[in-house]
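Sequences and hints are given; from them, build the entire structure.
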Amino acid sequence: MIHFHNVTRSYGRKVAVADLSLSIGPGELFALLGPNGAGKTTTIKMLVGLLRPDSGTVRVCGYDVAQSPREAARLIGYVPDQPFLYDKLTGREFLEFVGQMRGLPSTLLAERIADQVSKLELGTFLDELIETYSHGMRQRLVFAAAFLHQPPVLVIDEPLVGLDPRSSRLVKDLLRARTAAGASVLMSTHLLWLAEEIATRIGIVDQGRIKFLGTKDQLQQLLALPHTSLEQLFLELTEGNHQPADTQKHHCAAADAAPPGGTEGRAAELLGTAGQGEADCRGPYETPGDKPACKPDGDAPLPHRSAEAATGSSAPDH
Amino acid sequence: MSTLIAKPGDLLTPQAEAHAFWLLRRRIVVARIRQLLAQARLRLSIVLVLSTVLWFGLFGLFAEGFMFLDSAVPHPQWREQIVQTVLGSFFVALMLMLVLSAGVLIYGSLFRSPETAFLLTIPARTERVFLHKFQEALVFSSWGFVLLGSPVLLAYGVISAVPWYYYAMLLPMVVAFVYIPVAWGAILCLLLIRYLPRGVGILLALIGAAAVLAAAVLIRGLITEMQSELLTPGWLHQMLSRLRFSEGRLLPSWWLTNGLLSAAEGNWSEAMLLLGLLISNALFWQQVAIWVAGLLLRPAYSNLAGRTAAYRRPHSAFIDRLAASVLCLVPRPMRLMIIKDLRLFRRDPVQWSQFFIFFGLLLVYFVNIGSFSHSLHYSGWVNMVSFLNLSVVGLLLSTFTTRFIFPMMSLEARRFWLLGMLPLGRHAILWSKFLFAAVGAAFPCCALILVSDLALRVPRNILLTHQLSCLVLCLGLAGIAVGLGARFPDFREESSARIAAGFGGTLNLVLSTMYIVTVLALTSLPYHFLVAADQAARTFAHAAPHPWMAESLRLQLWFRLWLIGGTIGGVVLGIATTVWVMYVGMRAFKRWEL
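Note that the protein sequences, when read in sequence, are chains A and B.
Just so we're aligned, residue 1 is where the first sequence starts under this note's numbering, counting upward by one.
Just so we're aligned, residue 1001 is where the second sequence starts under this note's numbering, counting upward by one.
No lab work stands behind these hints, which were simulated from the structure alone.
Everything numeric in this text was worked out from a predicted model, so none of it was measured.
Misleading hints may appear alongside valid ones.
[Stated by the list, open to error] Derived Cβ-Cβ restraints for the label pairs, each shown as a range:
(1) B:1046 to A:124: 35 to 41 angstroms
(2) B:1399 to A:124: 42 to 48 angstroms
(3) A:196 to B:1328: 54 to 60 angstroms
(4) B:1328 to A:169: 56 to 62 angstroms
(5) B:1135 to A:162: 32 to 38 angstroms
(6) A:105 to B:1345: 48 to 54 angstroms
(7) A:232 to B:1332: 43 to 49 angstroms
(8) B:1348 to A:162: 26 to 32 angstroms
(9) A:190 to B:1575: 51 to 57 angstroms
For each residue, glycine too, the CB sits at the ideal point set by N, CA and C.
Below you can see the structure in the form of structure tokens.
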């Protein structure tokens, strides 16, 4: 569902992301780890369309994010590390706006809001102005907005910042549920225990380059450090004692006979070559139930079809 | 209604998208109004009353001006020509200022706002995101026009007894006119950010320098090398000829001026034609701006995010070392706070670019105004112009203290986790802000007044009086802005422009204006009256004895008393205002709980 193909992005002379190739399939919760300034947020911003790669392509369900940002955005639920909320709206009004923008019909939108209110326990404050919310309440509202259209792709930057233990538990359960329903989740975090607990695969980036892709077990094997915590493994890897990039990726792929998450072709994904068969995505609300589809579908929009072709016009109404 | 309901799986139609954004804006506006009515009725009332008083004051002033024109220029053709040229020049200046301010506003709201980042990650059309911000810029950049322009145009209508359709066409014409420069500003901003993403500060400085240079050429062309004596028919003719640049038929300002004047003269068909021209151009340029945004907004946004920060040397800059030397007697914690604020000012192009543009324009004007003093015949005018220059500097300074100094305390609240934990008294924080504002204002303002007075060759005593007045103004205005900033902080708002536009900012502007008027009336005005009375006495001394002679001498005595009392009173007022407002601010600041 998510594909980075030879993606490079620089800030002036500083290369933030260097030749990144990565695929994340359905039902996979991928944790992107790395020290500060490693390129995690840049990677995420390219995925959600805020930044454009200098070279390479980022695709979401087959849509090139730089060429078709609306189509890609429709399929993504995004929780940034510093989310923006309209202080003068109530939580319900904010969810209604997001839902409307995602094309949810009003009856379905009302149902979805009620569902999120129940799941994220927003009921007590949903009709108050957002400016009165605590940090945790705001964070839960942002999650509700991201889950509202049941997207096949979730992108989350530091999911548990400012959440109390109960809210953290709620969010973790929701992420697990979405993953089990077939969604692809890309999560960036500094909380290694969180990655260890819920991620099906991890990627460690440092200085813009992928240093490892795989599972914790594979990392233990790679570093020959069995029974070692992810924290220790992370520090070993990012302190520069081990050779990075391709050799490790290949190693992980070869070792990935039965990866957790259990999607076919995982080894190929680890090598960044998978995803051709899942290029077409249906809209998030087209699929029956909660399970997002990311499979070829005759009625679905073609992967490279432009926004204008799909909607008939590119000019907004004034 | 069917278009408003999106089919599952479809992206929103333009109509549905427009509806969603309209609903969003309506809800936000309604929430704000409800909150204002529920929590800040007194503040709202004060702002409304002050705005109404200001509006009617301006209306009365302009009505007087048009009546004076009617009586002083009896020939209707001349009068018409003067009105056309003055309105034309006013709208040309306004158009250029709207281009600049819209460009700056669009830059801030489109490229620096977290809302844009949010909107670009939901499936909204890029064009819609731009239009949402464009409409905001349109409102923010034109409210000043409504406040200042509407009394001029309505006063003209009332005094000239125009037909009803002049008033009916006023609003659509003005709104259509405003759209055009705002769209130009937006297009310019998008093009610059897309293709020149590096060094936005340098870019703004270049634009400012170009604006100052253009103004310098214009001002020099207007007020120098006049062949005729001031305020004579020949002078008027020359002045009108030099302002002909505003009569270019391709300028939207010309369409607006002539459209309004045609309506005023009863030529409704011509007025309708020009209204149609304005509306069609407004729509055209808005569409071009939307089209450009559709192409450039996302790449420009991405480019700007990729801009590298300028390399900063680890040691302090020359200006910081200079500031540290100048402030060597100030306690070290306060000195460090001041240097910190100086760094923040230097690294914020919005602040220093506006500061340099407006003070640069004044400098150009003051340097060139010396041509007035070449003839002794104009000494009365020189006296008055030098006084008006002092007033203009004071008023300009008050807008800067309102816009940039007043919000400082509110913005400092965001850093209070650090400042509050430092071994630093709250009084030190407040006084450091005061010193920063007072010293930072005194240097350029006193220098400007010095340039003006030297160019006008005013007597030494007037020059000294002006310097004293300027110092008192700087101290008081800095005290008012810092003290009120601490007394009426806004902890929620992140934008200094919005903090300044709130209740506290409005109160700051009004009190600052009252302070300027009082100080000038006490310290500088009596000296100007004294000089005028002295000149009158000298004129009468050459003539035969006249009863006015005795009256003039008696007036001189009164003016001398006023001057001595006023100077002492002005200094006392300046100190008392500063201390009192700072005391009020300090008391409030000590109660801050963050």
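Against the structure, the hints:
Between residue 1046 of chain B and residue 124 of chain A the CB atoms are about 36 angstroms apart, so this pair conforms to the stated range of 35 to 41 angstroms. In this structure, residue 1399 of chain B and residue 124 of chain A meet the distance hint of 42 to 48 angstroms, their C-beta atoms being roughly 45 angstroms apart. In this structure the hint that residue 196 of chain A and residue 1328 of chain B lie 54 to 60 angstroms apart at CB holds, the actual value being about 56 angstroms. Here the CB-CB span from residue 1328 of chain B to residue 169 of chain A is close to 58 angstroms, well matched to the stated 56 to 62 angstroms.
Taking 32 to 38 angstroms as the suggested C-beta distance range, the pair residue 1135 of chain B and residue 162 of chain A conforms, at roughly 33 angstroms. Distance hint check: the CB atoms of residue 105 of chain A and residue 1345 of chain B are about 51 angstroms apart, consistent with the given range 48 to 54 angstroms. Here the CB-CB span from residue 232 of chain A to residue 1332 of chain B is close to 45 angstroms, well matched to the stated 43 to 49 angstroms. For residue 1348 of chain B and residue 162 of chain A, the hinted distance range of 26 to 32 angstroms is satisfied, since their beta carbons lie about 29 angstroms from each other.
The hinted range of 51 to 57 angstroms is satisfied by residue 190 of chain A and residue 1575 of chain B, whose Cβ atoms lie roughly 54 angstroms apart.
Violated hints: none; the structure is consistent with every hint.
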